[in-house]
Amino acid sequence: MYSLLEQLRQHVSQALVKAFGDDYADTDPLVVPAAKPEFGDYQSNIALSLAKELKQKPRDTAQQIVDHLEIESISHPPEIAGPGFINLRLKASYLESQLQTIAQDSQLAVEKAETPQRVIVDFSSPNIAKEMHVGHLRSTIIGDCLARILEFRGHDVFRLNHVGDWGTQFGMLIAYLREASPEALTKADALALGDLVTLYREAKKRFDEDEQFQKNAREEVVKLQKGAEDSVRAWKLLCEQSRREFQVIYDLLGVELTERGESFYNPFLRETVQELEEKGLVEEDQGAKCVFLEGFTNKSGEPLPLIVQKSDGGYNYATTDLAAIRYRIRQDGAQRIIYVTDAGQANHFAQVFQVAERAGWVPEEVELVHVPFGLVQGEDGKKLKTRSGDTVRLQDLLDEAIARSRQDLERRLAEEGRSESEKFIQKNARVVGISAVKYADLSRNRTSNYVFSYDKMLTLQGNTAPYLLYAYVRVQGISRKGGIDLNTLGNQTISLEDNSEFVLAKHILQLSDVIKEVEQELLPNRLCQYLFELSQTFNQFYDRCPVLQAQEPKRTSRLMLADLTARTLKLGLSLLGIEVLERM
RNA sequence: GGGCCUGUAGCUCAGUGGACUAGAGCACGUGGCUACGGACCACGGUGUCGGGGGUUCGAAUCCUCCCAGGCCCGCCA
Numbered sequence: 053m054y055s056l057l058e059q060l061r062q063h064v065s066q067a068l069v070k071a072f073g074d075d076y077a078d079t080d081p082l083v084v085p086a087a088k089p090e091f092g093d094y095q096s097n098i099a100l101s102l103a104k105e106l107k108q109k110p111r112d113t114a115q116q117i118v119d120h121l122e123i124e125s126i127s128h129p130p131e132i133a134g135p136g137f138i139n140l141r142l143k144a145s146y147l148e149s150q151l152q153t154i155a156q157d158s159q160l161a162v163e164k165a166e167t168p169q170r171v172i173v174d175f176s177s178p179n180i181a182k183e184m185h186v187g188h189l190r191s192t193i194i195g196d197c198l199a200r201i202l203e204f205r206g207h208d209v210f211r212l213n214h215v216g217d218w219g220t221q222f223g224m225l226i227a228y229l230r231e232a233s234p235e236a237l238t239k240a241d242a243l244a245l246g247d248l249v250t251l252y253r254e255a256k257k258r259f260d261e262d263e264q265f266q267k268n269a270r271e272e273v274v275k276l277q278k279g280a281e282d283s284v285r286a287w288k289l290l291c292e293q294s295r296r297e298f299q300v301i302y303d304l305l306g307v308e309l310t311e312r313g314e315s316f317y318n319p320f321l322r323e324t325v326q327e328l329e330e331k332g333l334v335e336e337d338q339g340a341k342c343v344f345l346e347g348f349t350n351k352s353g354e355p356l357p358l359i360v361q362k363s364d365g366g367y368n369y370a371t372t373d374l375a376a377i378r379y380r381i382r383q384d385g386a387q388r389i390i391y392v393t394d395a396g397q398a399n400h401f402a403q404v405f406q407v408a409e410r411a412g413w414v415p416e417e418v419e420l421v422h423v424p425f426g427l428v429q430g431e432d433g434k435k436l437k438t439r440s441g442d443t444v445r446l447q448d449l450l451d452e453a454i455a456r457s458r459q460d461l462e463r464r465l466a467e468e469g470r471s472e473s474e475k476f477i478q479k480n481a482r483v484v485g486i487s488a489v490k491y492a493d494l495s496r497n498r499t500s501n502y503v504f505s506y507d508k509m510l511t512l513q514g515n516t517a518p519y520l521l522y523a524y525v526r527v528q529g530i531s532r533k534g535g536i537d538l539n540t541l542g543n544q545t546i547s548l549e550d551n552s553e554f555v556l557a558k559h560i561l562q563l564s565d566v567i568k569e570v571e572q573e574l575l576p577n578r579l580c581q582y583l584f585e586l587s588q589t590f591n592q593f594y595d596r597c598p599v600l601q602a603q604e605p606k607r608t609s610r611l612m613l614a615d616l617t618a619r620t621l622k623l624g625l626s627l628l629g630i631e632v633l634e635r636m
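Here the first sequence stands for residues 53 to 636, numbered as in the working numbering.
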């Protein structure tokens, strides 16, 4: 076991038991990283919270804990500070041996989860026959990151793309195509996806204005649901075409997903509603089958219904989501289901989860969790739009990021009189551009809206992807300059002397704790913050501690430290879905 | 009318189960190139933590009431 936090927790916990008895075996020892460097490296706040129930002064409680704390191998003698904080300062010998342990492990000794779970991450979820737009950006990036972290911790992760491939919109589109472009319903690729989008818009307009067309569209839905051959063929063509377009973007982003659209659950909708009826949850209201919700009211204060079957007999997304929960728990064996969607759907999920719970579909050990995120805004603070007011296509957004990254690279190459191959430039532009977009998104607390700015995300200084990538490149620069293959360093002795080496070492050793935190809290910005601070502490070390000119054994020790930094950065960035570069 | 989210330094944002003097980045100013790529580092902050009340030894953090902005609220997803 390598986690610093867990080791310290265990020690404090043992001291609690020795000081106050077995009743305190399960008391959280409240060990956290120290608030300030002057207070040491870690602190336990447990004495303050125990003082009341023990009926003593917090400082006395702290003293009793310290008296029983056997921690000499890890920490300098604990200090009691202020009202009763126990401050711990880690020993160099301990840090050195921990570093040597993680150096030998390709995964930096981050442990696997003790009890791996079957986890479903439901993310991205674009709509068939529409283009992916900026609205899908955050779900795709955040969902992928969470999936990567859970996979890395050894969970059995199922990444599901719950694409919108069903519903009235489809009837609308097919009905419209029958008039406007019948060949698109029988031939593959008769229309580009962009044209489909235009046609979809026209169809929507028609639907809103023309009653006869509305009727046709509804009939198309019914036909499709009944499995009419020509309808199904048309539907499949549309799906196939969209799928290929989506894949281009997923490839560019390096995101892997298994498609299982809404239509997958069609065969289960009827029985889902039936089961709700059998459990006595369904009431009919104005012809629709509803489950009345607890804790949700309408404008006049009456309970709000969740409609599970429309008055025309059709089903809606609530039914699909319920059927999906049932299927994912029963058939997929999911123990944790994570929905990465915008915050606007919070109500919807709270309602669907409630009904699933009341139907008894969610065993105690299963967790349903909505991971909401805020809007992507333009620099004017409003929802991001193109200059002409349209929704921004995701493809355009990514292309623009890459183009700007390339411009910037070329400008610097010219300034420095460097010349690089087209291949190098292309790869750099792509990696930097995509990383910048991903990092800008992931580094903010996902619940708040965020302002999309190419200029800010591509800046070379500050909390941006390029800054982190550069820290990695610096280590590779040392390796190149010194003609040293970092992979062959082996298990050399590390010895920490300069303060910047200590700070860096302690930071490197926190990786495991940070990853576990994100695994629980599902907040990728914590990992970003960690990697940013790691880059900063590395740059301070780099500034103060020459590596190649140092005398042995200091030289090798510093090489080890630099290499561990690079490996930590590479691993951490990979969990964000970001590639590293050897040169920039 | 109800629900959810947001409100912290000029700007963009962190603040982990309450804890000693509230933090980063950007911007701005000064200093550091006999350089492992300066895409860096060091130093510089007078912030009503939206406002009022409450709980506590202690609140940006918990409770409550307001204010402002955003999103959602029966047959779209």
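Hints are supplied without guarantee of correctness; some may be wrong.
Mimicking PhoX-like on lysine-lysine, the simulated pairs with C-alpha atoms at most 20 angstroms apart in a straight line are [to be verified]:
no. : residue 1 : residue 2
1   : Lys239    : Lys164
2   : Lys508    : Lys437
3   : Lys508    : Lys435
4   : Lys568    : Lys164
5   : Lys606    : Lys533
6   : Lys362    : Lys278
7   : Lys256    : Lys267
8   : Lys239    : Lys267
9   : Lys622    : Lys164
10  : Lys508    : Lys558
11  : Lys182    : Lys288
12  : Lys104    : Lys182
13  : Lys143    : Lys109
14  : Lys182    : Lys435
15  : Lys267    : Lys257
16  : Lys558    : Lys143
17  : Lys622    : Lys88
18  : Lys479    : Lys622
19  : Lys164    : Lys267
20  : Lys606    : Lys143
FRET-style restraints, in silico, Cβ to Cβ [said to hold, decoys possible]:
no. : residue 1 : residue 2 : range
21  : Asp337    : Lys88     : 17 to 27 angstroms
22  : Lys479    : Arg230    : 23 to 33 angstroms
23  : Gly366    : Ser158    : 33 to 43 angstroms
24  : Lys256    : Thr349    : 26 to 36 angstroms
25  : Glu163    : Thr511    : 33 to 43 angstroms
26  : Lys109    : Gly206    : 39 to 49 angstroms
Calculated directly from the structure, the hints in this document are not laboratory data.
None of these values were measured; they are calculated from a predicted model.
All residues carry an ideal CB built from backbone N, CA and C; glycine is no exception.
(message) Against the 20 angstroms threshold, does the CA-CA distance of Lys568 and Lys164 hold or violate the hint?
(response) 10 angstroms, holds
(message) Check whether the Cα positions of Lys182 and Lys435 lie no farther apart than 20 angstroms.
(response) With Cα atoms ~19 angstroms apart, Lys182 and Lys435 stay inside 20 angstroms; holds.
(request) Could you grab the alpha-carbon distance between Lys182 and Lys288 and see if it respects the 20 angstroms cut-off? (result) Judged against 20 angstroms, a Cα distance of about 14 angstroms means the pair holds.
(request) Verify the proposed pairing of Lys508 with Lys435, using a straight-line Cα cut of 20 angstroms. (result) 18 angstroms, holds
(message) Does Lys182 sit within 20 angstroms of Lys104, going by the straight-line distance between their CA atoms?
(response) Cα-Cα ~61 angstroms, so violated.
(request) Return holds or violated for the Cβ distance of Lys109 and Gly206 against the range 39 to 49 angstroms. (result) 45 angstroms, holds
(request) With a cut-off of 20 angstroms on the C-alpha distance, tell me whether Lys606 and Lys143 pass. (result) 19 angstroms, holds
(message) Check the hint pairing Lys508 with Lys437 against an upper bound of 20 angstroms on the C-alpha distance.
(response) OK: Lys508 and Lys437 at ~18 angstroms, within 20 angstroms.
(message) What's the verdict on Lys362 and Lys278, does the C-alpha distance respect the 20 angstroms limit or exceed it?
(response) 17 angstroms, holds
(message) Hinted pair, alpha-carbon criterion (20 angstroms max): Lys239, Lys164. Please report holds or violated.
(response) 49 angstroms, violated
(message) For the hint 23 to 33 angstroms, verify it against the beta carbon of Lys479 and that of Arg230.
(response) Violated, at about 46 angstroms.
(message) Just to be careful, I want the Cα atoms of Lys479 and Lys622 compared with a cutoff of 20 angstroms; is the pair within it?
(response) 17 angstroms, holds
Hints 1, 8, 10, 12, 13, 17, 19, 21, 22, 23 from the earlier list are contradicted by this structure; the remaining hints agree with it.
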